[in-house]
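Participant: Residue-level listing of the chains:
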Amino acid sequence: MQARLTTDKLYLNSNNKYNNMTKKALTAIVLIATVHFAHAQLYFTTTGFAGFYSKTQFEDIKAENNQVYAVIDVNKKAIAFSMLLNGFVFAKELMQEHFNENYAESDKYPKATFTGTYIDNIDLSSGAQTTIHVSGTLTLHGVSKPFSTAATLALANGVLTGQASFQLVPGDFNISIPSLVRSKIAGKIDVHITANCKPRN
Amino acid sequence: MRTYKLILLSALLLPLSAALSQDTSLLKLLDDSMAGNKTHVPVTGTFKGTHIINIQSVEAPAKRALMFWIMHRFGQLNDGAYQLFGLDNATMRFGFDYGLTDRLSIGVGRSTFEKTFDGTIKYKVLRQTEDDHIPITADLFGGIYYKTLKYDDKPYLNTTYRTSYAAELLLAKKFDRNLSIQLTPIFLHYNLVQTTGDKNNIFAMGFGGRVKLTRRLSLNAEYDYLPTGQVNSINVHSSLSLGFDIETGGHVFQLHVTNSQGMIDPVFISQTTGTWGKGNIFFGFNVSRAFNTGKKAKKS
Chain A
1 MQARLTTDKL YLNSNNKYNN MTKKALTAIV LIATVHFAHA QLYFTTTGFA GFYSKTQFED
61 IKAENNQVYA VIDVNKKAIA FSMLLNGFVF AKELMQEHFN ENYAESDKYP KATFTGTYID
121 NIDLSSGAQT TIHVSGTLTL HGVSKPFSTA ATLALANGVL TGQASFQLVP GDFNISIPSL
181 VRSKIAGKID VHITANCKPR N
Chain B
1 MRTYKLILLS ALLLPLSAAL SQDTSLLKLL DDSMAGNKTH VPVTGTFKGT HIINIQSVEA
61 PAKRALMFWI MHRFGQLNDG AYQLFGLDNA TMRFGFDYGL TDRLSIGVGR STFEKTFDGT
121 IKYKVLRQTE DDHIPITADL FGGIYYKTLK YDDKPYLNTT YRTSYAAELL LAKKFDRNLS
181 IQLTPIFLHY NLVQTTGDKN NIFAMGFGGR VKLTRRLSLN AEYDYLPTGQ VNSINVHSSL
241 SLGFDIETGG HVFQLHVTNS QGMIDPVFIS QTTGTWGKGN IFFGFNVSRA FNTGKKAKKS
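Protein chains in written order, with the working numbering: chain A, 1 to 201; chain B, 1 to 300.
Simulated from the structure, these hints should not be mistaken for laboratory data.
From a predicted model like this one, the values you see are computed outputs, not experimental measurements.
Worth double-checking, as some hints may not be accurate.
What follows is a list of derived Cβ distance ranges for each label pair [claimed, not checked]:
{"no.": "1", "chain 1": "A", "residue 1": "Asn157", "chain 2": "B", "residue 2": "Asn37", "range": "17 to 27 Å"}
{"no.": "2", "chain 1": "B", "residue 1": "Gly119", "chain 2": "A", "residue 2": "Asn157", "range": "51 to 61 Å"}
{"no.": "3", "chain 1": "B", "residue 1": "Ser33", "chain 2": "A", "residue 2": "Gln163", "range": "30 to 40 Å"}
{"no.": "4", "chain 1": "A", "residue 1": "Gln163", "chain 2": "B", "residue 2": "Thr112", "range": "54 to 64 Å"}
{"no.": "5", "chain 1": "B", "residue 1": "Leu217", "chain 2": "A", "residue 2": "Ser148", "range": "33 to 43 Å"}
{"no.": "6", "chain 1": "B", "residue 1": "His251", "chain 2": "A", "residue 2": "Ala154", "range": "29 to 39 Å"}
{"no.": "7", "chain 1": "A", "residue 1": "Ser183", "chain 2": "B", "residue 2": "Leu126", "range": "33 to 43 Å"}
{"no.": "8", "chain 1": "B", "residue 1": "Phe291", "chain 2": "A", "residue 2": "Ile177", "range": "15 to 25 Å"}
{"no.": "9", "chain 1": "A", "residue 1": "Ser165", "chain 2": "B", "residue 2": "Leu179", "range": "35 to 45 Å"}
{"no.": "10", "chain 1": "A", "residue 1": "Val191", "chain 2": "B", "residue 2": "His133", "range": "28 to 38 Å"}
{"no.": "11", "chain 1": "B", "residue 1": "Asp152", "chain 2": "A", "residue 2": "Ser176", "range": "54 to 64 Å"}
Calculated pairs, BS3-like style, for lysine-lysine (alpha carbon to alpha carbon, straight line, at most 30 Å) [as the list claims (entries may be wrong)]:
{"no.": "12", "chain 1": "B", "residue 1": "Lys38", "chain 2": "A", "residue 2": "Lys108"}
{"no.": "13", "chain 1": "A", "residue 1": "Lys77", "chain 2": "A", "residue 2": "Lys111"}
{"no.": "14", "chain 1": "B", "residue 1": "Lys28", "chain 2": "A", "residue 2": "Lys145"}
Stretches of chain A that chain B covers, calculated by requiring three or more beta carbons in the stretch to come under 8 Å of a beta carbon on chain B [what the hints assert, rightly or not]:
{"no.": "15", "segment": "148-157"}
{"no.": "16", "segment": "182-189"}
Just so it is clear, CB atoms sit at the ideal spot from N, CA and C, and this is done for glycine as well.
The shape of chain B in the complex, shown without the other chains:
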């Protein structure tokens, strides 16, 4: 009889307890099955722009997205009041970047400095995932740069001599929502250098990072270390830049100060003659606008 009562009791209590925990247990059931089907979601927004400041970042336009960039660097702050602290002497670059796929993008640009055209290609080899299954994002970047400035005294400057190249490996990690760091081994090749004392092949290392201050504002820093002994005909320095990224919908505004006036890799990495200590500081900004050129393919 006692056993019988026990069975009765447990049989009665079982559905009751099930009913009581129904609300949360259904949600728990969903959570459990979601946890079982975890996918490796790639992180987004390691940086806000396709440039940290001067150097390329691991970011690129998505498939069929077109990005238009306008970049300005004014003259040196120590030009004084007569030149309005550099604002009278601006150089600029504008460029278009286009995403062929979500991993591959191409770009073209033109700088006023030496009337240089550039063509770039960026390929995302690895995408960091939120669960750190892949711990970093890695891009390969290639650039070709062609100066078209006419020199009456140098008629021998043919196409080959006017061309230089960049190859870079961009390694970035988004540590958390606020902090991202990028390490960038850089190789530059110049078909023509100033003197025989200068190397045609240049190696450098870029260090860059950003700290988000608010959801739409970040503080960026970049140091492009140029080992000495490679460029000897002119007195060159490593490039150091500090700036802010401000994001507003389809635009990113980057405001910065830097000791490099050039905006393309063969110029700012190995041709930076200014130093912060002497006041050779350039104020500059980059502005991007994103356009969508087609309907994005539906993700499954």
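So here's chain A without its partners, still in its complex pose:
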């Protein structure tokens, strides 16, 4: 983008006999637009965290994934997540196998993804944790659903940290739980997401 900017400036300088009000305005727009685009700052990670937790009186289930891919575009206010479901590690190997084979069917639907935007006008330069409202599309087990949640963003030492906690209902994503184990799996699953994203060029 830097190269384009330079060319534009040179071109404008060499044509100043056409200088008039319209052109000035256009130039301003071009410069603003170009600068804006050049500024488009992506924050990115491949080691984000996603964990889900199910608590019932019979069994507590915990699964964590430390290979979550996430990208945040602070200019476009856009966010995307993608993770492999077989990246979730359970305390019990057998449970992990059942999660992949019987519930998530991760051979058929390997990824869970989210893509969305936020509208809040926030100032990250303060370094404080700021709440945003994210809405978009969540895809899991082959089912895409409109999804929105509160989340936080904080910029510290060049690292943009995004966090969110919400609940998901397995049935909303066509994940059926047999009656035999229904008492051991919570109706609503708590989900936590943390992504420490670094600038990406």
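Position chain B relative to chain A; hints supplied.
Facilitator: Below, chain B without anything else, positioned relative to chain A:
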């Protein structure tokens, strides 16, 4: 002037188009970088149980997982109504298998047949990966079997004579989510055989497979081919078994019919005297329960 307008236009359109495709392009960016970092993920769940029916499968308990197995074989179906089609004459084996690492497991068991104790070891040499970087799973299996049944008429039966061994190479491939096939070259050694006409070293080949009918139910079949000329003192046959695996959380239930009553390798592979044609069919089941004995080490 025309060039100038063109530059203006393209400069204006560029950020606009970028903004429009933002949602999908961010996801595409993640997908692309994920595709670039592809790892060879091992397949899981080639079989539901550590046995296909009688024979060992490539599955084993994970690190620090303990599995308890109870196996039953009832009497022959053709025993008739008086013996309730075999249900009066059950033999059983129970055993524990424990995962020392994710690749190495050990087991102990005891069968009522000839009051036999067994000790087993299974090592996963190769793990099939989902991208077929490694196309098959291969396990080495070893077993030692010790009969403790007392024979008043055979006082010479010492420890050596009561012991037999099994060594097997388990080669399995999960073709897709529903179909898995296992090929098992088998070597058995008996320190003592019935007559001089019987071989101490026995070679056999196991063929086994499963087809998943639903996510939690599979149909299993197993044929353990015993080449003739190795066991001559008794009339033996290859072992053929059919069954279902039903999985419910921490349990696997295996229900099957087979022409072998034995549940350990030196018995069902080379000592199967029944045939399906004559109705020497045994109904049986295996039930497993998994226990976790420790917190699993965190995977990176």
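Participant: Does each hint hold? Answer for all of them.
Facilitator: The hints, checked one at a time:
1. A:Asn157 to B:Asn37: 17 to 27 Å: holds (25 Å)
2. B:Gly119 to A:Asn157: 51 to 61 Å: holds (57 Å)
3. B:Ser33 to A:Gln163: 30 to 40 Å: Because 22 Å falls outside the window, the suggested range is violated.
4. A:Gln163 to B:Thr112: 54 to 64 Å: holds (59 Å)
5. B:Leu217 to A:Ser148: 33 to 43 Å: holds (39 Å)
6. B:His251 to A:Ala154: 29 to 39 Å: With a Cβ separation near 46 Å, His251 of chain B and Ala154 of chain A fall outside 29 to 39 Å, so the hint is violated.
7. A:Ser183 to B:Leu126: 33 to 43 Å: About 39 Å separates the Cβ atoms of Ser183 of chain A and Leu126 of chain B, which means 33 to 43 Å holds.
8. B:Phe291 to A:Ile177: 15 to 25 Å: holds (22 Å)
9. A:Ser165 to B:Leu179: 35 to 45 Å: holds (41 Å)
10. A:Val191 to B:His133: 28 to 38 Å: Given range 28 to 38 Å: holds, Cβ gap about 31 Å.
11. B:Asp152 to A:Ser176: 54 to 64 Å: holds (60 Å)
12. B:Lys38 to A:Lys108: Given pair Lys38 of chain B, Lys108 of chain A holds - Cα atoms ~17 Å apart, limit 30 Å.
13. A:Lys77 to A:Lys111: holds (23 Å)
14. B:Lys28 to A:Lys145: At roughly 19 Å apart (the allowed maximum being 30 Å), Lys145 of chain A and Lys28 of chain B satisfy the hint.
15. 148-157: Violated - the segment 148-157 of chain A has 0 residues with a Cβ nearer than 8 Å to chain B, which falls short of three.
16. 182-189: Violated, because only 1 residues of the segment 182-189 of chain A bring their Cβ atoms closer than 8 Å to Cβ atoms of chain B.
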